[in-house]
Amino acid sequence: VASLLLVSAGSSRAEEKIKPIRALLVLGGCCHDYNTQKDLLAKGIAARAHVEVVIAYDKDTSTSHLNPVYEKANWAEGFDVIIHDECSSDVKDLAIIERILEPHRQGLPAVLLHCGMHSYRSEGYPKAVTPWFEFTGLQSTGHGRQAPINIGFVAPDHPVTQGLTDWTTVNEELYNNSENKL
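All residue numbers for the sequence shown refer to this note's numbering, where the first residue is 15 and numbers rise by one.
The set of hints was computed from the structure by calculation and includes no laboratory data.
Do not take every clue at face value.
[To be verified] Pairs of lysine to any residue residues, derived as SDA-like cross-links and limited to a Cα-Cα distance of at most 20 Å, are as follows:
| # | residue 1 | residue 2 |
| --- | --- | --- |
| 1 | K106 | C45 |
| 2 | K86 | V68 |
| 3 | K106 | V143 |
| 4 | K52 | I35 |
| 5 | K73 | S103 |
Using the sequences and the hints, build the whole thing.
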C-alpha cells in the first residue's frame, strides 16, 4: 500500500509540471468585434485544452494598421503556436510580411481564423502567389454573405468522420477562393 501511494504522489507531481502550450492570439482590424473575440477565444481555448493564451489585441479598426506585436524582430519568441485572427488586408510591406512569416518558415505552427486567411496582400505579386497566400495555401480575398451552410460527410464510415452526421450551420460565410492553384 505504501509503494502505491508513492507512485500515485509521483504521478501527480509529474502532471503538475507539464507546461501548458503557449499560444499568441494576434487579433484586430476591421469588420469584426475583436474586442469581444479576444476574451471569448482565450477563455474558450483555455477551458478546452492545456493552453495559456497571450493576447496581442490591436484596437485600430482599419485594414492598413499593423498589430504592434510585430514591431519586434523576435515577436514570436517563447510561443508554441500563433493564432492569426487579424484583419490586415492592406498591410502590403513585404519586409513586414516576411518578418511575420519567418517564425512559421522556421517551423512555428499557426492557426488562422477568419480574416487571418485574407490578410497581407503584398504588392508586386500576382494575387495567387503572395507570400501570405503561399503560407495559407489558399488565395482568399474575402467571403460571401452570411447564410446557413449544409455540411455533408462523403465518407461517414472513415475513422475520422465515423459517428458524425450531416448538419447545417448557423449563419456562416464561405470564403471566396481563386481558381489559381498555389
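Cross-check of the supplied hints:
Straight-line distance between C-alpha atoms of K106 and C45 comes to about 19 Å, which keeps the hinted pair within the 20 Å bound. Simply put, K86 and V68 have alpha-carbon atoms about 16 Å apart, close enough for the 20 Å limit, and the pair holds. A hinted pair counts as satisfied when its Cα atoms are at most 20 Å apart, and K106 with V143 qualifies at roughly 14 Å. For the suggested pair K52 and I35, the alpha carbons sit about 17 Å apart, so the restraint of at most 20 Å is met.
Proximity of K73 to S103 is assessed by CA-CA distance (about 16 Å); at most 20 Å being required, the pair is judged to hold.
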